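Novice: Protein chains in written order, with this note's numbering: chain S, 2 to 309; chain R, 132 to 394.
It cannot be assumed that every hint is accurate.
[Unchecked claim] Here are some, though not all, of the chain S residues that point toward chain R, as calculated from beta-carbon distances under 7 Å:
#1 GLY139
#2 GLN142
#3 ILE143
#4 LEU146
#5 LEU148
#6 TYR158
#7 ALA159
#8 THR246
#9 MET265
#10 GLN270
#11 LEU282
#12 PHE283
#13 LEU286
[As the list claims (entries may be wrong)] Residues of chain R clear of chain S, computed beta-carbon distances all greater than 12 Å:
#14 LEU144
#15 LEU321
#16 PRO366
Derived by calculation from the structure, the hints in this document are not laboratory data.
Since the structure is predicted, the reported quantities are computational estimates derived from the model, not experimental observations.
All C-beta atoms in this analysis are idealised placements derived from N, C-alpha and C, irrespective of residue type, glycine included.
Here are the chains, one letter per residue:
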Amino acid sequence: MLSLLSSAAKPFFDLTFKFLINFHLLLIIIFTIFYFVPGAYIDDEHFVENTSVAGAVADKPDFFFSVKDSLKAFYSLDFGMAYHNRNSKVIDIVWKKASYSFRYLSTSILVLFFFSILISFFIVRSKNRRHFLLFFRGLNQIPQLVLIPVVIYFFSYAFSIVPLRFDPNSRSSYCFVIFVLLIKPMGQLIHLMVERWHREKSETYVQFARAKGLSNNRILFVHMFKNIANSFLGYFLTIVLQLLTGNFILESLYSIPGFGLGFMDSVSQRDLPLVVGYLFLFSSLYLTLHFSVQIVFMYLNPKLRESE
Amino acid sequence: MRKLTPLFLIMALVGFSFQHTISSQIDPSRIFLSPGASFWGGTDSLGRDLLQRSLRGAGLSLLICLFSLILTYVMGMVLGGVLSFWKRANHLVIFIVDVFDSIPNFLLVALFSILISRGFVATSSANAAFSILVISIALSAWPPIARYVRLEILQLKGKDFLNATIVLGGSPFYLARTHYLRAIWPWVKLSAAHSIPQFILIESVLSFTGFGMNSDYATLGYLIFEGWKNALIYPHLFVVPSVILCLIIWILTWGLQETKELF
């Protein structure tokens, strides 16, 4: 019993350790940028100097000059102050914008994860898969930069099915945003998955399972899925990056006050601390996603556990 | 013919990008004209021919893409080669590649372009903006290439014919030129060709978000963004550059696709 528990828990702890190391290395990179790039880190006192309490903080040591303060800044994710929002800390702004975007991004990622597996499964089982694949191949040729504006144009401008601008109180707005975000990434993921299913079909173990008289569904889900899980993991993580890039385009076109629009604004205002803050957000988001997807697949496929 | 079409397209568009007169043909009497016999793509807010501007923008995008492709592969190959001879670099390389992979390419390019442009007095100069774009795209795209080159060289390292070359007095430069480079050259050619559409898309998204060149040297992303602002009243402003971008991506991928069909 104990050995079973330890074998189940070990990969989890291994991955957690790897995640923590990667997270710390990411923080080191961010703080190295602060240290070496002039103007990348703006401490509180730079702004307090203009007010009456300047004397009270004049003796405060600079960033990185005291080990204690540096460590405190490091672990409290203190990225300093933004240039253009003088009363706000970078981490507060970033977190506020991110929590806005996460409302629909989390749903989109979950839908992408489950539905791409399900739809690809149904396409592989379908007799008309050639037509489906042609459709997805055509869809994949259209860049997100063109697809997202076209969809917004038709749904909101031409047919007025959804509001012209994003309305946080409207459920249809949320559904529309998720739909627009997912069209291209889901098409790509399904296309890749269907091709992968087909390549796996010619393997000996599949033919053997078929010869034993097992049903197609059982072969696909019980035998083949475990083996293509590793490829799916790679595809999924690449596609999620595309989804994030699509989010920038969507937020800037549909006026959603999330982190995509926030990042664009910070770039146009040349607000370096805020840009670095957003970069930290995206990287940590991706690392967390990578970690959670790896854990899910590690328990699905024992082969991955052994390779770790 | 299928393989040559993308090449001809690239050459034609890059040649077209050197037509400096297009952006200066401002005529207030013909603003926002719809596509017709005289102007196939219509005109923009300053009366310039939109089709010509879009084609020139496509040429500029391709030019940026080609320069960044060359820089990326040179950096990737040199660094990958150097790292393969540095035994303690294993964890460092894996970490660097992991970190680079964990950030969307577009964001990395954005960060690099901000960091690089701080060194310039002003990025209004076309050459400076062009160089910043090329360098920042290359800086964000080199790690996977370095990783592949390093792995290939590590795989080749123990081979008998390489040991024989070393015993016979072959210099490291000779080894790199005749054995390592020849081994990775087919992959480099294929991978570089497949990266062209991807690089164009990165460049377009960058121009779309305001990192690209100024309006005189507008690339396709910038034209799409500008067109979107007036898309409700003048849809052709958005449609023409979008269609050209789609066509270019389609022709480039079509030319590179394998003819063998899966189904």
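Novice: For every hint, state whether the structure bears it out.
Specialist: Now for the hints, and whether the structure bears them out:
1. Look at S/GLY139: its Cβ only gets to about 9 Å from chain R, farther than 7 Å, so that hint breaks.
2. A least Cβ separation of about 5 Å between S/GLN142 and chain R falls short of the 7 Å threshold, and the interface hint therefore holds.
3. Against a cut-off of 7 Å between C-beta atoms, the interface hint on S/ILE143 holds, since the closest Cβ of chain R lies about 6 Å away.
4. Interface restraint check for S/LEU146: the shortest CB-CB distance to chain R comes to about 5 Å, inside 7 Å, so the restraint holds.
5. A distance limit of 7 Å between C-beta atoms decides the matter here; for S/LEU148 the minimum to chain R is near 9 Å, and the interface restraint is violated.
6. For S/TYR158, the suggested interface contact is upheld, since its CB lies about 5 Å from the closest CB of chain R, less than 7 Å.
7. Of the supplied interface hints, the one on S/ALA159 is violated, with its beta-carbon coming no nearer than about 9 Å to a beta-carbon of chain R, more than 7 Å.
8. At its closest, the beta carbon of S/THR246 sits 5 Å from a beta carbon of chain R; the interface hint therefore holds under the 7 Å criterion.
9. Nearest Cβ of chain R to the Cβ of S/MET265: about 6 Å, under the 7 Å cut. The hint holds.
10. For S/GLN270, the interface hint is violated, the least distance from its beta-carbon to any beta-carbon of chain R being 11 Å, above 7 Å.
11. Interface hint at S/LEU282: violated, since its Cβ lies 10 Å from the closest Cβ of chain R, which is beyond the 7 Å cut-off.
12. Evaluation of the S/PHE283 hint against chain R yields a held restraint, the C-beta minimum of about 6 Å falling below 7 Å.
13. Hint on S/LEU286 is violated. Least Cβ distance to chain R is approximately 9 Å, over the 7 Å limit.
14. No beta-carbon of chain S comes within 12 Å of the beta-carbon of R/LEU144; the shortest separation is about 17 Å.
15. Every CB of chain S lies more than 12 Å from the CB of R/LEU321, the least distance being 18 Å, so the non-interface label holds.
16. R/PRO366, annotated as away from the interface, has a beta carbon of chain S within 12 Å; the closest lies near 8 Å.
The structure fails to meet hints 1, 5, 7, 10, 11, 13, 16 from the earlier list, while all remaining hints are met.
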